[in-house]
Amino acid sequence: MDDEQELLKRLRQGDSGALEAVIKLHHAFLVAMTTPLVGPELADDVAQETWLRAFAAIRKFEGRAKLRTWLARIAINEAHAMHRKHRREVSLDSWGLDTGSPIGSRFNAQGAWDAPPTQWHHDSPEELLTEAELHECIRKHLHKLPGDQQSVVMMRELGGLDYDEIAQALGLAEGNIRVLLHRGRQRMHAMLDHFEEVGTC
Amino acid sequence: MLSCREMSELGSEILDGHLRLRTRWAVMIHLRMCPRCKMYIKQLKLTAQVLQRMPLGDDAVDTQRILKKLQDSERL
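So the sequence lines, in the order shown, correspond to chains A and B. Residue numbers for the first sequence follow my numbering, so the first one is 1 and each next one is one higher. Residue numbers for the second sequence follow my numbering, so the first one is 202 and each next one is one higher.
No lab work stands behind these hints: they were computed from the structure. Built from N, CA and C at the ideal position, the CB exists for glycine as well. It is possible that part of the hints are untrue.
What the hints assert, rightly or not - A short, non-exhaustive set of chain B residues, derived as facing chain A with CB atoms under 7 Å:
1) Met202
2) Ser204
3) Arg206
4) Ala227
5) Met229
6) His231
7) Leu232
8) Arg237
9) Lys239
10) Tyr241
11) Gln250
12) Arg254
13) Gln272
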């Protein structure tokens, strides 16, 4: 956070190095977060518009939220604006439907573990994130999530947005958001579990 | 009595503290008796934490192109 405060200070002073640094830090996230909303062709335009709005308003940003969260909020508004302008969007009609548990087959008829979880080699998020290969694997699997789960995981876990904000952004009830987040986490857990077991993605 | 399958379904509600009192009790009792579910919930928590701390920075992003577009729009 201290690094972020320093970066913000330089941004407010119009330091071009800071502009470049902040784009490198968050552009890929903004594109990834808005891709399920507007499709891959428009996601980059949404991110570009987000930077425009963000840099114009950076002096008003009080730093109460994380910078990534603030940028995510702007990007969601831009994605909605883009939708209105282009009148096209990835269809969200089927969003929010529960696809069921991805680990249903690991239980017996009585609901007890048939294939129980096994011990992982890593015990903390920091330890896990030292594995460079894992970063690539997480990115790959995030993109493989169904669009609705992907959006919710990106907005909540990576973007730090609240449930009600996400519900509003996606036009779904908070209960749906919770289920989608859980399914997304379960799938990402399965990916980590595989990585822990075999050592590769 | 909650089954292990039900525990796995409640996973994120447990992590995010969204449970009602009665369910919270049932979850606590189950977790005391079941090391398997305890491990699953712990790993689910680790998964969430990894995602929260995942840096998505990308040095390959063409910042010059983005900055140029910003300058062209003359609003910077």
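Which numbered hints does this structure break? 1, 4, 5, 6, 7, 9, 13
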